[in-house]
Amino acid sequence: GAGVSQSPSNKVTEKGKDVELRCDPISGHTALYWYRQSLGQGLEFLIYFQGNSAPDKSGLPSDRFSAERTGGSVSTLTIQRTQQEDSAVYLCASSLTGGLAGGRDTQYFGPGTRLTVL
Amino acid sequence: AQKITQTQPGMFVQEKEAVTLDCTYDTSDPSYGLFWYKQPSSGEMIFLIYQGSYDQQNATEGRYSLNFQKARKSANLVISASQLGDSAMYFCAMREVYSGAGSYQLTFGKGTKLSVIP
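Going line by line, the protein sequences match chains A and B.
Numbers in this note's numbering are just positions in the first sequence, counted from 1, shifted up by 594.
Numbers in this note's numbering are just positions in the second sequence, counted from 1, shifted up by 3.
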């Protein structure tokens, strides 16, 4: 079946602009995650959605970052007033049950969106 | 303290030889899962293998096996019969099951860059 898809694959924007990154999880997966991968920080967790529950936003670095998940499927990560330090690859992942199945709940990743803030 | 430590920033291996990528972890959670992912230059994170903390046997998936030493808190990835296509970044990650908030996110190591030499 289809894997996790993300769009756009690349985004170049000017400092101060807003950007929206989209993630389409694997069909049937109830859990969706956003991570950020940058040279200096490695892979960092940003936010987690499980079904219709309130998301865990504990990893979001500032209030300029927000995310939503509509209809329990597609998710959009929005970064307002982008800064140069926001430049990174933003990875989306989905898993079948999230935290409900104990340790073995494999997260499958999309190809990522490479964000460059000039 | 880092939860996942990968001490080898880069490794070289001759084609057709076996290679071991090191991973040590730190957790007080009795139940956890350990994952290895491969990230080729294209950027997508590809799931390779999973080991649960209560699994009695070391995990194997084709040419990948996991040398799990629970008392030493190590979960080294062994790739047998290396192929040129194995050249990539390899990440070790952990999911702690009973850590409460954040029990669903993966914590990643810094990664090891493997280069397979023909």
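Since the hints were made in silico from the structure, they are not lab data.
Every residue, glycine too, gets a C-beta built ideally from N, C-alpha and C.
A portion of the hints provided could be inaccurate.
With a cut-off of at most 20 Å between alpha-carbon atoms, the simulated SDA-like pairs for lysine to any residue come out as follows [to be verified]:
1. 113(B) to 605(A)
2. 6(B) to 639(A)
3. 605(A) to 6(B)
4. 113(B) to 639(A)
Reference listing, derived: stretches of chain B covered by chain A, where coverage requires no fewer than 3 residues with Cβ under 8 Å from a Cβ of chain A [stated by the list, open to error]:
5. 10–21
6. 64–71
Computed, partial: chain A to chain B, Cβ under 7 Å [to be verified]:
7. 659
8. 663
9. 706
Outcome of the hint check:
At roughly 25 Å between alpha-carbon atoms, residue 113(B) and residue 605(A) are farther apart than 20 Å, so this suggested pair is violated. Of the supplied pair hints, the one linking residue 6(B) and residue 639(A) holds, its CA atoms being roughly 14 Å apart against a limit of 20 Å. A threshold of 20 Å between alpha carbons decides the hint, and for residue 605(A) with residue 6(B) the separation of about 32 Å lies outside it, so the pair is violated. The hinted pair formed by residue 113(B) and residue 639(A) meets the criterion: a straight-line CA distance of about 14 Å does not exceed 20 Å.
Figure legend: the region 10–21 of chain B, annotated as covered by chain A; annotation inconsistent (0 residues with Cβ-Cβ distances under 8 Å, at least 3 required). Requiring three or more residues with a Cβ within less than 8 Å of a Cβ of chain A, the coverage given for the region 64–71 of chain B is violated, as only 0 such residues are present. Hint status for residue 659(A) relative to chain B: violated, with the closest Cβ pair at about 16 Å, above 7 Å. Interface restraint check: residue 663(A) against chain B, minimum CB-CB distance 14 Å, threshold 7 Å, status violated.
Annotation: residue 706(A) was flagged as interfacial toward chain B, and the flag holds, the nearest CB pair being 5 Å apart, inside 7 Å.
In the structure shown, a violation is registered for the earlier hints numbered 1, 3, 5, 6, 7 and 8, in ascending order.
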